[in-house]
Structure formats: structure tokens, C-alpha cells
Amino acid sequence: MSDTYELKAEAREQVGKGSARAVRRNGKVPAVIYGDKQPPLAIALTYKDIYYKIHGGGFLTTIATIDVDGKKIQVLPKDYQLDPVRDFPVHVDFLRIGKDTEVNVDVPVHFINEDKS
1 MSDTYELKAE AREQVGKGSA RAVRRNGKVP AVIYGDKQPP LAIALTYKDI
51 YYKIHGGGFL TTIATIDVDG KKIQVLPKDY QLDPVRDFPV HVDFLRIGKD
101 TEVNVDVPVH FINEDKS
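Each residue of the sequence shown is one higher than the one before, counting from 1 in my numbering.
For the record, the hints were derived by calculation from the structure and aren't laboratory data. Just so you know, these numbers come straight off a predicted model, no measurement behind them. Be aware that a few hints might be false.
Between beta-carbon pairs, the in silico distance windows are [claimed, not checked]:
| id | residue 1 | residue 2 | range |
| --- | --- | --- | --- |
| 1 | V103 | V15 | 20 to 26 Å |
| 2 | G57 | G18 | 31 to 37 Å |
| 3 | E114 | R21 | 42 to 48 Å |
| 4 | F88 | E13 | 22 to 28 Å |
| 5 | G27 | D115 | 44 to 50 Å |
Straight-line alpha carbon distances no greater than 16 Å define the calculated EDC-like cross-link-like pairs of lysine to aspartate or glutamate that follow [as the list claims (entries may be wrong)]:
| id | residue 1 | residue 2 |
| --- | --- | --- |
| 6 | K72 | D115 |
| 7 | K37 | D100 |
| 8 | K53 | E6 |
C-beta: ideal position from N, C-alpha, C; glycine also.
With the hints as extra help, turn the sequences into a complete structure.
So, in C-alpha cells, the structure goes:
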């Protein structure tokens, strides 16, 4: 298994379009953590941290730990939306991972020297 990474986040009280726009105006990215038979948790991530994780490669296939106001939650990024013009992250969905959670992940395979074989 590859290395995990940690993101810091803060919990959001309100959800919806207006709340998400307010979060974006403050330089953060709205996100949600769901799954593992627990209620969804709306959070706000630092724009710079999540931007480099998404564009760094392997984002959807790496387990992350999110520190939400001192509570650490293990998650797997499930989906993200990017602004169609500026390519900035607009929203991120995370799947909460418990001790007995089974997850199917598509992992891209790239062959080296395929033409020589």
C-alpha cells in the first residue's frame, strides 16, 4: 500500500449552495465525508493543500487521514469537481473507511518498454 497523507479541515455547520459559495470566497474548498454507517460530515479544506493533492497524481487511489477539529478520520477520496475554466477544485467527496471496510479501486497500470517485448 502506498503512503498516506494528512489534510487539516474544519467542520461546517451549514450546507447548501450559499454556504459552499461562502466557503470558496474564504479561500477554502467545501467537501463532505460520508459512509461507514455514520451521518455525513460537511467540512472545508484549505485550497492550496487539496489543489496540489488532486493535481499531484494518485489522488483517488490513496488513503488519507483528515484532521477535523482534532478528530482524525481515515478516508478515501471518491470524487472531485473542478472548475471547467480555471481547473480549480470546487468540491470533494470522501468515503469514510472503517476497520472492516472493503473498497474496490481502479488502479491504472502503465507498461514500461512495452514496444520492445
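Inset, instruction - Given the hint of 22 to 28 Å, check if F88 and E13 actually sit that far apart at their C-beta atoms. - result: holds, 24 Å
Legend entry - Restraint status (C-alpha distance of K37 to D100 at most 16 Å): Within the cut-off at roughly 12 Å; holds.
Legend entry - Assessment of proposed distance window 20 to 26 Å (beta carbons of V103, V15): holds, 25 Å
Inset, instruction - Given the range 44 to 50 Å, decide if the beta-carbon distance of G27 to D115 lies inside it. - result: With Cβ atoms ~46 Å apart, the hint holds.
Legend entry - Outcome for the supplied range 31 to 37 Å, where the beta carbon pair is G57 and G18: Holds, since G57 and G18 (Cβ atoms, about 33 Å apart) stay within the stated range.
Legend entry - Given hint E6 paired with K53 - CA-CA distance at most 16 Å: holds, 10 Å
Inset, instruction - Take the C-alpha atoms of K72 and D115, compute the straight-line distance between them, and say whether it is at most 16 Å. - result: Distance ~46 Å between K72 and D115 Cα, so the pair is violated.
Legend entry - E114 versus R21 beta-carbon gap, inside 42 to 48 Å or not: With a Cβ separation near 46 Å, E114 and R21 satisfy 42 to 48 Å, so the hint holds.
Hint 6 alone, counting from the list given before, is not met by this structure.
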